[in-house]
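Model the full structure from these sequences, guided by the hints.
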Amino acid sequence: MNWLTNIVRPKIRALVSSKKDVPDNLWDKCPSCAAMLFRKELEDNLMVCRHCNHHLKISVTQRLRLLFDDGRYRETPLPKVLQDPLKFRDSKRYSDRLREAQHKSGRSDALVIAEGSIGGYKAVVAAFDFAFMGGSMGLAVGEGMVTAAKRAVSTQSAFIAIPASGGARMQEGALSLMQLPRTVIAVEQVKRANLPYLVLLTDPTTGGVSASFAMLGDVHISEPGALIGFAGARVIENTIREKLPEGFQRAEYLRDHGMVDMVVPRKDVKNTIATLLSLLMPQGQAMTPLPKPHTSRQDKKRA
Amino acid sequence: MQILDFEKPVAEMEAKLAELQHQSGDRVADEVARIQQKTDRLLRQIYGRLTPAQKVQVARHPNRPHCMDYVKGLMDDFVSLSGDRLFADDAAMVAGLARFRGTPVAVLGQERGNDTESRLKHNFGMARPEGYRKAQRVMHLAGRFNLPIISFVDTAGAFPGIDAEARGQAEAIAKSIETCLRAPVPIIAVVIGEGGSGGAIAIATADKVLMLEHSIYSVISPEGCASILWRSAAQAAEAATALRITAQDLLALGLIDGVIPEPIGGAQRRRDETIALTGDAVAAALSDVAGQDSTTLQNNRAQKFLAMGHRGLN
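First to last, the sequence lines map onto chains H and Z. Take the first sequence: its position 303, counting from 1, is numbered 303 in our numbering, and each next residue is one higher. Take the second sequence: its position 1, counting from 1, is numbered 1 in our numbering, and each next residue is one higher.
Think of the hints as simulated: they come from the structure by calculation, not from any bench. Any given hint could be a false lead.
[Unchecked claim] The list that follows gives simulated cross-link-like pairs (lysine to aspartate or glutamate, EDC-like), each with its CA atoms no further than 16 Å apart:
#, chain 1, residue 1, chain 2, residue 2
1, Z, Lys72, Z, Glu273
2, Z, Lys38, Z, Glu12
3, H, Lys92, Z, Glu238
4, H, Lys57, H, Asp44
5, H, Lys87, Z, Glu238
6, Z, Lys38, Z, Glu14
7, H, Lys243, Z, Glu14
8, Z, Lys16, Z, Asp40
9, Z, Lys8, Z, Glu31
Put into structure tokens, the structure is as follows:
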């Protein structure tokens, strides 16, 4: 505060203030190597640090655009559920937290159901929005998973889950816990219909989300460095009173321990999924002729 | 027996009763009856209005009957089965075959142990992936031989350790839930003490889920919830209330199928009576689903869980 703020009327202050001219999100700091990254460049590079290849979190919209052919998809709204069934309150009312998150995101809860084609194959995607209360799973997310899975079955589409979640939503108590069996039932319908169920495990996938549908995919793909596990690092450290090894609960660790099929850089995720769908979807299901997957010389050598 | 802080008023009377039990004579018998009556009245009062935080204490009471007490008290010919056939045996998870009131059944449950040595052996009832995979193995066995599954849930949660994570704790729990849902035979689960989150529901995705009157069932421990949302474990009592973890709350929310009443003063005071009452409740639950073919069982089980979430609390 300076003398100006006290004297000058707000409207005039707005004119004088230069704050608006410089957006504060022009630069981002890489959480891994601390390099300063120009926002525009970072976005063009799919939110991957060009210095250390760290995969930063990506918005759910950007994620879906990357995945679907031509970046085009249709969203299905989440089904209506009870809001704040327990009248939960900690330092703040849960209903207020919920309303705030809804207001900020313009979504009703932490899941987006999207439909479209991937590599020419019909797909229903259920993607978590980590920005919405840490992607936590309560009634709305669970119900959304059930709806999305049903939709995949009724349209004979592949089902792709993209968790990004700290786990069950505490503020809905045991109702959140019941979303574990409910989401398992959801993906069971897809499996029974002999449709592929793929899971793209993104940072983070932990707690009740990892201990339910997320670990039951036909194929598990994850992004480099993604945190995946059941118990939180702090809980483990407090229990065993030991420091955790480097790389513990990271995507590469899970691949090496047999829980994830592959760790795929963000730029290759779409092609990987498209190839899997071309192998798993019933023949003759492609909506459009499948373009030859692009393989560079290097990829061939690695294969 | 360990006396809980809110039981102090009855502790003195109970001590007197124990003392008098060694004496004889008409006057003593009268005195015993009088004190017993008074004690019971007081206990009924205290236990009739336990706070959620107090229920947490009762649910974790070391003298409550544990999984193996129920197995010994209710089952004949119990044959304990060991190992997941993949890695190891996990003593935190009990699994086996037995006869319950004449019918062969499969038994699952977490065992917490009763003294330091057995608690260490059973890892305080916190199972690792091999425990959940042993449970899956026995559920498959039950399915093949058409044996109903009875599971006794009593765990603070699945074990949070480096080894457990390395071997896929999340996958082990997820697969257990899936195995429960696919089981072609009836499953009855009883929360006998603490139903700790994913580690509990892994063996409690059942046709009938019952809870003892003073047991708890929660998505996270009150201490864990408090340290995250209140940033201090000291607020655990508040969290216990807010989380709605009591058997009565879960019944009101339509998440469980029944509450088994506990004798006066809680299961820890009258263990045999508790076990007998539980046996009757399990038998009744089994007869409720008896005679259903496997498809009906599986469909009804899935429908039951899908229908949850339409009832809130005020």
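Going through the hints against the structure:
1. Restraint check for Lys72 (chain Z) and Glu273 (chain Z): satisfied, since their Cα atoms lie roughly 14 Å apart, inside the 16 Å limit.
2. With a C-alpha separation of about 12 Å, the suggested pairing of Lys38 (chain Z) with Glu12 (chain Z) holds against the 16 Å cut-off.
3. Between Lys92 (chain H) and Glu238 (chain Z) the alpha-carbon distance is near 13 Å, which keeps this suggested pair within the 16 Å criterion.
4. Proximity of Lys57 (chain H) to Asp44 (chain H) is assessed by CA-CA distance (about 14 Å); at most 16 Å being required, the pair is judged to hold.
5. Of the pairs offered as hints, the one joining Lys87 (chain H) and Glu238 (chain Z) holds, with about 13 Å between alpha carbons and a cut-off of 16 Å not exceeded.
6. Proposed proximity of Lys38 (chain Z) and Glu14 (chain Z) is supported: the alpha carbons are some 10 Å apart, at most 16 Å.
7. A C-alpha spacing of about 47 Å is found between Lys243 (chain H) and Glu14 (chain Z), which places the hinted pair above 16 Å, so the restraint is violated.
8. For the given pair, Lys16 (chain Z) sits about 14 Å from Asp40 (chain Z) by alpha-carbon distance, which is consistent with the 16 Å threshold.
9. Restraint check for Lys8 (chain Z) and Glu31 (chain Z): the C-alpha separation of about 21 Å exceeds 16 Å, so the hint is violated.
Consistency note: the structure conflicts with the earlier hints numbered 7, 9.
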